[in-house]
Amino acid sequence: MGVTQTRLGPAHPGGSREFVEQLTVERLAEARESLKQRFLVLAPRRLAALHAPLLKAPADATARREVQRFGHQMRGTAATVGLPDLGLLGGAIEQLTATLPYTDELHARVTEAVELTAEYVALARDGGGGAIGDDPRFQALVSGRR
Amino acid sequence: MKACATCGISSDDGATRCALCHEDFPDPSEPLLVDGRYQVEATLGRGQQGMVYLARDLNLGRLVALKVLHPSHASTPGAAERLKLEAKALASVRSDHVAQVYSFGPHASTFFLAMEYVEGRNLDALVAEHAAHKEYIPTHRGLTILRQMAHGLASLHAAGIVHRDVKPSNVMIEQGTGRTVLLDLGLARWFVQPTDSRLSFVGTPAYMAPEQILGEDPAQIAGHTDVYSLGCTAFELFTGSPPFSYATIPETLAHQMWEAPPKLSSRRPELAFLDPVVERALTKDPLGRYQSCSEVIDAIDEVCAGWPRIEASGEVEEASDAPSLRLMVIDDDEVFAAFAAEACGLALPDIVLDLVCASSGLEALQSAARTRPDVVVLDYDMPLLDGLETLSYLRAMPGGYNAQVMLVSSNMKHLPKWRFAAMGVTDFLEKPVDLGEFAAALNEVAARAFAQRGRFGGAATL
Numbered sequence: 001m002g003v004t005q006t007r008l009g010p011a012h013p014g015g016s017r018e019f020v021e022q023l024t025v026e027r028l029a030e031a032r033e034s035l036k037q038r039f040l041v042l043a044p045r046r047l048a049a050l051h052a053p054l055l056k057a058p059a060d061a062t063a064r065r066e067v068q069r070f071g072h073q074m075r076g077t078a079a080t081v082g083l084p085d086l087g088l089l090g091g092a093i094e095q096l097t098a099t100l101p102y103t104d105e106l107h108a109r110v111t112e113a114v115e116l117t118a119e120y121v122a123l124a125r126d127g128g129g130g131a132i133g134d135d136p137r138f139q140a141l142v143s144g145r146r
Numbered sequence: 147m148k149a150c151a152t153c154g155i156s157s158d159d160g161a162t163r164c165a166l167c168h169e170d171f172p173d174p175s176e177p178l179l180v181d182g183r184y185q186v187e188a189t190l191g192r193g194q195q196g197m198v199y200l201a202r203d204l205n206l207g208r209l210v211a212l213k214v215l216h217p218s219h220a221s222t223p224g225a226a227e228r229l230k231l232e233a234k235a236l237a238s239v240r241s242d243h244v245a246q247v248y249s250f251g252p253h254a255s256t257f258f259l260a261m262e263y264v265e266g267r268n269l270d271a272l273v274a275e276h277a278a279h280k281e282y283i284p285t286h287r288g289l290t291i292l293r294q295m296a297h298g299l300a301s302l303h304a305a306g307i308v309h310r311d312v313k314p315s316n317v318m319i320e321q322g323t324g325r326t327v328l329l330d331l332g333l334a335r336w337f338v339q340p341t342d343s344r345l346s347f348v349g350t351p352a353y354m355a356p357e358q359i360l361g362e363d364p365a366q367i368a369g370h371t372d373v374y375s376l377g378c379t380a381f382e383l384f385t386g387s388p389p390f391s392y393a394t395i396p397e398t399l400a401h402q403m404w405e406a407p408p409k410l411s412s413r414r415p416e417l418a419f420l421d422p423v424v425e426r427a428l429t430k431d432p433l434g435r436y437q438s439c440s441e442v443i444d445a446i447d448e449v450c451a452g453w454p455r456i457e458a459s460g461e462v463e464e465a466s467d468a469p470s471l472r473l474m475v476i477d478d479d480e481v482f483a484a485f486a487a488e489a490c491g492l493a494l495p496d497i498v499l500d501l502v503c504a505s506s507g508l509e510a511l512q513s514a515a516r517t518r519p520d521v522v523v524l525d526y527d528m529p530l531l532d533g534l535e536t537l538s539y540l541r542a543m544p545g546g547y548n549a550q551v552m553l554v555s556s557n558m559k560h561l562p563k564w565r566f567a568a569m570g571v572t573d574f575l576e577k578p579v580d581l582g583e584f585a586a587a588l589n590e591v592a593a594r595a596f597a598q599r600g601r602f603g604g605a606a607t608l
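Line by line, the protein sequences give chains E and W. Residue numbers for the first sequence follow my numbering, so the first one is 1 and each next one is one higher. Residue numbers for the second sequence follow my numbering, so the first one is 147 and each next one is one higher.
Incorrect hints may appear among the rest.
[Claimed, not checked] Here are the computed lysine to any residue pairs in the SDA-like style, where the Cα-Cα straight-line distance is at most 20 Å:
#1 W:559 with W:281
#2 W:280 with W:411
#3 W:559 with E:95
#4 W:234 with W:207
#5 W:230 with W:249
#6 W:559 with E:79
#7 E:36 with E:128
#8 W:559 with E:91
#9 E:36 with W:582
#10 E:36 with W:491
#11 W:409 with W:392
#12 W:559 with E:69
#13 E:36 with W:480
#14 E:36 with W:578
#15 W:559 with E:36
#16 E:36 with W:576
#17 E:36 with W:583
#18 E:36 with W:580
#19 E:36 with W:478
These are calculated hints, taken from the structure and not from any lab test.
Model the full assembly from the supplied sequences, consistent with the hints where possible.
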């Protein structure tokens, strides 16, 4: 991303003190939707790019940490833009890749989490999701019990 | 129970006057008004020197720290003239790192001094808080604090004032900005009573220079005296305790006079590179010390030469003529940065926003050298330089203590918030965060940034 510089506004009338009242539901919803769409485009692409080196070399600590860091980001940002399922998946990826020793079993669960992410991204694009907690595959990922 | 507003003595025997200073007890139903304009809102402290109040200047609407001197300090011959002269000198000092003197004048049988009220935490409290967590204030941040203290002291010395009581509890780290501000400047000398041998020296034993302890020749007390105390403060900042701290005052004073100070590296081997600086500041012979605080600043810059250092750009970008705010979002997560940018637009709809989004701490610092942000939204978990390190470097940059910082993290439960107190950060937001909530928090921080910019002479105000 690097550094971007933008000059905004002034775009909207009104005093800034009362701005919360002026933030219409539509304006907020519009902003959230635009960010959500952006996330749905960028996140799977980035996750796939970071996961590929780890898939090739599970013992590569740098590759594992990169995936862990992205899982951490995904946990905070996905839920922020209104994608709680993906937030939970991000948290799972972060936790699995942070666990040491990073065993073959953990590695397999991370791969499953990445695949599940792709599935839930597609679901969110179609306007679905919201019930990952009930998904037995997610439960197995988190608990490690098959 | 009544309390004297001038000397702080309490009485519950029905007397209408203070037994010590003979001032009338104030009517508890009436707020105390000093000089017809300073309305007392709370007591900040009381001691030998008198009372310190938090008061509101009714003419300007701002809060001030109001010191009302104990009448005994004003009753010696020539005291009025001497205090007036010194107040004039103090009022002439202009530094971001020195609490500004606003006014001075008579009050009842004594005098008052109205000063800048700096809200924040004392350095000694921050040192203690780090010690309680078995940690130290990060070295880079510690050096920035010392550098800013040295700047403040240099301004005092240029006005012919020696502080005489430099110590961590007289240093405030301002809430919101992390600006280092010296308090109680040069006031110690006000309380010398030539007739009272118990007060024949002024200062705090654990931070006093040998010539201050001897107290024989006032001409010996100069800028280098404060340099010694700055050295003691540096030692405490980095190790958790001053170089000489004993159970009794005579013991402490004797060590200040005769014992070689321990090396900083004896307590923290990794700080051996700072040994020569601290050692020179703590030299017993005043002539062997740094002779000015500018020399201390140069020495700090020299030891920091090998560290990542972002110089201020020669070309600082001008802010817009319209009401504007320079806002920087530092987050390695592109979507969250876009989210924060969106929130900025929502939070501040009526002003021009110069918005910079940086994906790493280093990029942010390079950009900040040109743009001098008023508000920074900072992610904690970032590669290479994390949020704490990035902020430490930002605060060290020219004007870096003007920026209001909001810290955002999805690990708030594990975030060491106390570490950020030394950087003046008090605004924290946990991810995931609602867009409207984020915008509301930003709006508040921006309002403070505008007030801040007004104080430092910026062009734009809301």
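Going down the list of hints, with the structure as the test:
{"no.": "1", "hint": "W:559 with W:281", "result": "holds, 19 Å"}
{"no.": "2", "hint": "W:280 with W:411", "result": "holds, 17 Å"}
{"no.": "3", "hint": "W:559 with E:95", "result": "holds, 16 Å"}
{"no.": "4", "hint": "W:234 with W:207", "result": "violated, 23 Å"}
{"no.": "5", "hint": "W:230 with W:249", "result": "holds, 10 Å"}
{"no.": "6", "hint": "W:559 with E:79", "result": "holds, 17 Å"}
{"no.": "7", "hint": "E:36 with E:128", "result": "holds, 13 Å"}
{"no.": "8", "hint": "W:559 with E:91", "result": "holds, 15 Å"}
{"no.": "9", "hint": "E:36 with W:582", "result": "holds, 15 Å"}
{"no.": "10", "hint": "E:36 with W:491", "result": "holds, 17 Å"}
{"no.": "11", "hint": "W:409 with W:392", "result": "holds, 17 Å"}
{"no.": "12", "hint": "W:559 with E:69", "result": "holds, 17 Å"}
{"no.": "13", "hint": "E:36 with W:480", "result": "holds, 12 Å"}
{"no.": "14", "hint": "E:36 with W:578", "result": "holds, 13 Å"}
{"no.": "15", "hint": "W:559 with E:36", "result": "violated, 26 Å"}
{"no.": "16", "hint": "E:36 with W:576", "result": "holds, 18 Å"}
{"no.": "17", "hint": "E:36 with W:583", "result": "holds, 17 Å"}
{"no.": "18", "hint": "E:36 with W:580", "result": "holds, 13 Å"}
{"no.": "19", "hint": "E:36 with W:478", "result": "holds, 17 Å"}
Figure legend: structure checked against the earlier numbered hints; hints not met, in rising order: 4, 15.
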